Amino acid sequence: GENVEQHPSTLSVQEGDSAVIKCTYSDSASNYFPWYKQELGKGPQLIIDIRSNVGEKKDQRIAVTLNKTAKHFSLHITETQPEDSAVYFCAASWGIPTNAGKSTFGDGTTLTVKP
Amino acid sequence: DSGVTQTPKHLITATGQRVTLRCSPRSGDLSVYWYQQSLDQGLQFLIQYYNGEERAKGNILERFSAQQFPDLHSELNLSSLELGDSALYFCASSVTGQGTDTQYFGPGTRLTVL
Numbered sequence: 001g002e003n004v005e006q007h008p009s010t011l012s013v014q015e016g017d018s019a020v021i022k023c024t025y026s027d028s029a030s031n032y033f034p035w036y037k038q039e040l041g042k043g044p045q046l047i048i049d050i051r052s053n054v055g056e057k058k059d060q061r062i063a064v065t066l067n068k069t070a071k072h073f074s075l076h077i078t079e080t081q082p083e084d085s086a087v088y089f090c091a092a093s094w095g096i097p098t099n100a101g102k103s104t105f106g107d108g109t110t111l112t113v114k115p
Numbered sequence: 001d002s003g004v005t006q007t008p009k010h011l012i013t014a015t016g017q018r019v020t021l022r023c024s025p026r027s028g029d030l031s032v033y034w035y036q037q038s039l040d041q042g043l044q045f046l047i048q049y050y051n052g053e054e055r056a057k058g059n060i061l062e063r064f065s066a067q068q069f070p071d072l073h074s075e076l077n078l079s080s081l082e083l084g085d086s087a088l089y090f091c092a093s094s095v096t097g098q099g100t101d102t103q104y105f106g107p108g109t110r111l112t113v114l
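First to last, the protein sequences are chains S and U.
Counting from 1, position 101 in the first sequence corresponds to residue 101 in our numbering; the numbering is continuous, with no gaps.
Counting from 1, position 102 in the second sequence corresponds to residue 102 in our numbering; the numbering is continuous, with no gaps.
By construction, these hints were calculated from the structure, which means they are not laboratory data.
If you're wondering where the values come from, they're calculated on a predicted model, not measured in any experiment.
Mixed in with the good hints there might be a few duds.
Computed cross-link-like contacts, DSSO-like style, restricted to lysine-lysine with a CA-CA straight-line distance of at most 30 Å [unchecked claim]:
{"no.": "1", "chain 1": "U", "residue 1": "K57", "chain 2": "S", "residue 2": "K102"}
{"no.": "2", "chain 1": "S", "residue 1": "K102", "chain 2": "S", "residue 2": "K114"}
{"no.": "3", "chain 1": "U", "residue 1": "K9", "chain 2": "S", "residue 2": "K71"}
{"no.": "4", "chain 1": "S", "residue 1": "K57", "chain 2": "U", "residue 2": "K9"}
{"no.": "5", "chain 1": "S", "residue 1": "K102", "chain 2": "U", "residue 2": "K9"}
{"no.": "6", "chain 1": "S", "residue 1": "K68", "chain 2": "S", "residue 2": "K114"}
{"no.": "7", "chain 1": "S", "residue 1": "K37", "chain 2": "S", "residue 2": "K58"}
{"no.": "8", "chain 1": "S", "residue 1": "K102", "chain 2": "S", "residue 2": "K68"}
{"no.": "9", "chain 1": "S", "residue 1": "K42", "chain 2": "U", "residue 2": "K9"}
{"no.": "10", "chain 1": "S", "residue 1": "K37", "chain 2": "S", "residue 2": "K114"}
{"no.": "11", "chain 1": "U", "residue 1": "K9", "chain 2": "S", "residue 2": "K68"}
{"no.": "12", "chain 1": "S", "residue 1": "K22", "chain 2": "S", "residue 2": "K42"}
{"no.": "13", "chain 1": "S", "residue 1": "K22", "chain 2": "U", "residue 2": "K57"}
{"no.": "14", "chain 1": "S", "residue 1": "K22", "chain 2": "S", "residue 2": "K37"}
{"no.": "15", "chain 1": "S", "residue 1": "K71", "chain 2": "U", "residue 2": "K57"}
{"no.": "16", "chain 1": "S", "residue 1": "K71", "chain 2": "S", "residue 2": "K58"}
{"no.": "17", "chain 1": "S", "residue 1": "K102", "chain 2": "S", "residue 2": "K71"}
{"no.": "18", "chain 1": "S", "residue 1": "K102", "chain 2": "S", "residue 2": "K37"}
{"no.": "19", "chain 1": "U", "residue 1": "K9", "chain 2": "S", "residue 2": "K58"}
{"no.": "20", "chain 1": "S", "residue 1": "K57", "chain 2": "S", "residue 2": "K68"}
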């Protein structure tokens with residue numbers, strides 16, 4: 001089955017700095033890579049996703065890059081703010097051949113942005 | 001607010017007991033997923049339903065079962081509870097249930113087994 005490794009497990013940055021979280025996956029059939037943000041006491045919320053036919057996607061201060069050859073993808077947050085402090089999860093899933101939406105999640109990165 | 005609702009928010013019970021967690025998907029979503037989040041194990045996929053039928057199974061124990069009803073809400077039944085079953089249980093929903101679907105998560109049910 002799919003295995004997703006996420007690094008680092010904790011990350012502390014100063015407000016205004018950039019943060020980068022990296023994930024690697026094992027199953028070359030995976031073709032959908034979402035990133036979730038989980039704030040304390042809440043469920044994970046999708047913040048950005050990328051599909052295997054795209055190498056990079058950006059949404060304001062958040063960007064995701066995908067290297068299918070190396071089987072890794074990364075989340076980049078620029079100009080970090082205290083409200084970016086949360087746990088971030090990457091995930092990998094595939095749509096064929098079973099069409100099952102089974103996702104494998106990384107273990108999470110706790111991001112702390114210091115004012 | 002994702003549009004996915006889960007009840008109850010908190011549940012405290014004893015070992016050996018049985019509980020039922022409920023999930024209502026977003027309007028229009030046909031697929032429901034259940035996840036377990038323990039402190040030391042991250043998010044573990046348990047099971048997925050699509051339009052009432054089981055579609056994919058993950059690391060779900062035999063003591064656990066789920067179903068999706070005609071109105072598309074889903075229930076996760078946990079029986080013969082053990083201390084190690086204490087965790088957050090999340091439900092998510094998506095439109096078609098395919099791997100490239102965006103999943104929308106509910107707020108979770110925190111289960112404590114004493």
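Legend entry - Pair hint S:K102 and S:K71, alpha-carbon separation not exceeding 30 Å: Judged against 30 Å, a Cα distance of about 18 Å means the pair holds.
Inset, instruction - Would you check the hint for S:K102 and U:K9, treating anything up to 30 Å between C-alpha atoms as holding? - result: Holds. S:K102 to U:K9 sits at ~25 Å (cutoff 30 Å).
Inset, instruction - For the pair supplied as a hint, S:K68 and S:K114, confirm whether the alpha-carbon distance does not exceed 30 Å. - result: 33 Å, violated
Legend entry - 30 Å limit on alpha-carbon distance, applied to hinted pair S:K57 and S:K68: 14 Å, holds
Legend entry - 30 Å limit on alpha-carbon distance, applied to hinted pair S:K22 and S:K37: Holds, at roughly 14 Å.
Legend entry - Given hint S:K114 paired with S:K102 - CA-CA distance at most 30 Å: 35 Å, violated
Inset, instruction - Compare the distance between the alpha carbons of S:K37 and S:K114 with 30 Å, and conclude whether the hinted pair is satisfied. - result: 18 Å, holds
Legend entry - Pair hint U:K9 and S:K68, alpha-carbon separation not exceeding 30 Å: 39 Å, violated
Legend entry - Restraint check for S:K22 with S:K42, where alpha carbons must lie at most 30 Å apart: Within the cut-off at roughly 23 Å; holds.
Inset, instruction - Verify the proposed pairing of U:K57 with S:K102, using a straight-line Cα cut of 30 Å. - result: 8 Å, holds
Inset, instruction - Would you mind confirming whether the straight-line C-alpha gap from S:K42 to U:K9 stays at or under 30 Å? - result: Roughly 11 Å separates the two Cα atoms, so the pair holds.
Legend entry - S:K71 paired with S:K58 [C-alpha distance capped at 30 Å]: 19 Å, holds
Of the numbered hints listed earlier, those contradicted by the structure are 2, 3, 4, 6, 11, 19.
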